[in-house]
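Asks: These protein sequence lines map, in sequence, to chains A and B. First residue of the first sequence: 0, per numbering that gives the first Met the number 0; consecutive thereafter. First residue of the second sequence: 0, per numbering that gives the first Met the number 0; consecutive thereafter.
Derived by calculation from the structure, the hints in this document are not laboratory data. Certain hints may be false.
[What the hints assert, rightly or not] Here are the simulated DSS-like cross-link-like pairs (lysine-lysine), alpha carbons at most 27 Å apart as the crow flies:
{"id": "1", "chain 1": "A", "residue 1": "K3", "chain 2": "B", "residue 2": "K206"}
{"id": "2", "chain 1": "A", "residue 1": "K63", "chain 2": "A", "residue 2": "K114"}
{"id": "3", "chain 1": "B", "residue 1": "K313", "chain 2": "B", "residue 2": "K276"}
{"id": "4", "chain 1": "A", "residue 1": "K6", "chain 2": "B", "residue 2": "K221"}
{"id": "5", "chain 1": "B", "residue 1": "K376", "chain 2": "B", "residue 2": "K276"}
{"id": "6", "chain 1": "B", "residue 1": "K276", "chain 2": "B", "residue 2": "K244"}
{"id": "7", "chain 1": "B", "residue 1": "K313", "chain 2": "A", "residue 2": "K3"}
{"id": "8", "chain 1": "A", "residue 1": "K112", "chain 2": "A", "residue 2": "K87"}
{"id": "9", "chain 1": "B", "residue 1": "K313", "chain 2": "B", "residue 2": "K288"}
{"id": "10", "chain 1": "A", "residue 1": "K6", "chain 2": "B", "residue 2": "K276"}
{"id": "11", "chain 1": "B", "residue 1": "K288", "chain 2": "B", "residue 2": "K376"}
{"id": "12", "chain 1": "B", "residue 1": "K313", "chain 2": "B", "residue 2": "K376"}
{"id": "13", "chain 1": "A", "residue 1": "K114", "chain 2": "A", "residue 2": "K73"}
{"id": "14", "chain 1": "B", "residue 1": "K206", "chain 2": "A", "residue 2": "K73"}
Spelled out, the chains give:
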Amino acid sequence: MEQKGWKDIPIAGMILEAGNAVDYLTGGWRAFRPVRGEAECIHCFQCWLFCPDSSILVDAENEKMVGFDLDHCKGCGICASVCPVNEKVIKKAGEELAGDDARLCIRMVEEGKFKE
Amino acid sequence: MSQFEALQGNEAVATAMRQINPDVVAAYPITPQTSTVQKFADFVSDGLVDTEFVTVESEHSAMSACVGASAAGARVMTATAANGLALMWEIVYIAASNRCPIVMSLVNRALSGPINIHCDHSDVMGMRDSGWIVLFSENGQEAYDNLIQAVRIGEHADVLLPVAVCQDGFITSHGMERVEVFDDADVQAFVGQYRPQWSLLELDNPKTYGPLDFYDYYYEHKRQQVEAMENAQQVILDVTGEFNKKFNRNYGLFEPYRLEDAEVAVIAANSTAGTVKVVVDQLRDEGLKVGLLKPRLFRPFPAQELAEALSHLKAVAVMDRSISFGAMDNAGPLFLELVAALTLHGVQVPMADYVYGLGGRDILPREIERVYRDALKVAETGQVDQLVTFLSVRE
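Produce the entire structure from the sequences given, and follow the hints as far as they go.
Replies: Rendered as structure tokens:
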């Protein structure tokens with residue numbers, strides 16, 4: 000992206016265009032990628048509610064969680080930590096599970112280890 | 000018709016605030032500024048202003064509230080001194096960098112420690128790199144006049160910077176004097192209505208103030224602040240010119256007093272300049288060619304104009320009411336900046352610095368006379384024996 004000079008930008012770092020954060024692709028910051036695991040999503044929208052980057056994609060009409068906006072997701076893992084299904088899976092397993100355990104509903108996979 | 004009233008400097012400032020009738024005032028009481036805010040609070044409770052008066056729990060909060068209100072599009076004022084200004088510190092910079100034209104009455108007081116509530120200029124000198132415009136005032140009248148002009152200066156579209164108007168703690172803030180108070184309507188007409196270009200409260204046109212700004216654009220925004228400072232000097236001259244014409248005053252970037260044909264001059268800001276004038280008159284009666292230059296505008300620093308005004312002199316003595324600890328010879332900031340200004344503009348005049356009046360120590364005419372006698376000797380010999388003198392400190 001071409002960077003503008005001081006005469007061509009709003010003063011004080013002011014952002015005059017609402018919602019332009021969407022133009023800033025922060026997906027490249029991500030070290031861990033959220034991936035749908037084996038457990039069934041119950042479409043409770045907790046992840047959508049808590050995601051600080053509005054990166055949970057939903058089908059509003061059918062009230063379904065459909066995936067992640069990886070252009071903006073920074074991989075913070077809040078979605079995985081608030082997921083009630085994850086909680087249930089962990090309880091059932093009776094042990095600490097790794098964040099990328101396949102049994103989870105939302106698992107966090109190291110970018111380097113991720114395979115399609 | 001204006002009228003003359005017996006007012007303390009702080010009351011004069013509060014009166015100016017009443018006449019300006021700002022949208023928001025957020026302030027915390029601190030000696031010797033307290034009576035300004037106290038008096039203004041009276042105006043608020045008496046219904047004489049429309050101001051939303053925010054009583055806060057600290058100066059950090061006061062300046063934060065000012066920044067928020069200013070971003071919202073309000074005309075905002077505050078008042079503080081010394082340690083209060085120091086507690087505002089973080090937000091003082093943010094006010095300037097967010098380009099909030101907040102006007103502050105700064106009643107100059109020594110910064111601790113040891114704890115001291117009396118006058119010196121260590122508080123304002125600390126904010127000199129913060130991006131605020133700074134004006135000095137010799138007395139309550141000038142504090143009143145400067146405050147009214149400050150509103151127009153800061154809010155000018157080419158500037159959009161906060162402005163601090165200084166006066167000396169206790170000496171003028173609590174000194175009763177004859178103050179010309181203009182008609183409310185005249186002051187209102189002069190300051191006019193603030194029309195912010197980027198109001199946060201303009202809900203149909205949302206915008207963000209103060210977002211994260213990294214290595215890619217932060218520097219460009221600092222460059223814009225430089226531009227605003229550069230524009231400020233002309234704006235100040237324009238606003239001052241208009242004020243002078245309307246209210247019959249004679250303000251400029253600084254005030255020369257019997258300087259034109261002087262051979263030596265003293266530079267002194269705020270109330271001390273008044274005492275210096277008395278000494279100038281006495282020495283002139285002796286036939287000595289002495290004068291005074293009283294700085295009014297400190298930020299932006301009118302280096303070229305100051306250098307020109309001092310270029311004909313044979314010696315200059317700067318009086319600094321603060322110390323820049325560890326700077327060259329532990330001189331005062333005013334001296335250091337003037338030395339740089341004169342050197343840069345090719346003016347070669349022997350200069351010496353006199354630190355004085357720290358923590359409210361009185362400065363007496365005989366001490367100022369000694370400064371002139373020293374300067375006259377320097378003018379004769381061309382030799383500065385002592386670069387920095389700590390005037391009248393006990394050995």
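Asks: Check the structure against each numbered hint from earlier and tell me which ones fail, lowest number first.
Replies: 7 and 10
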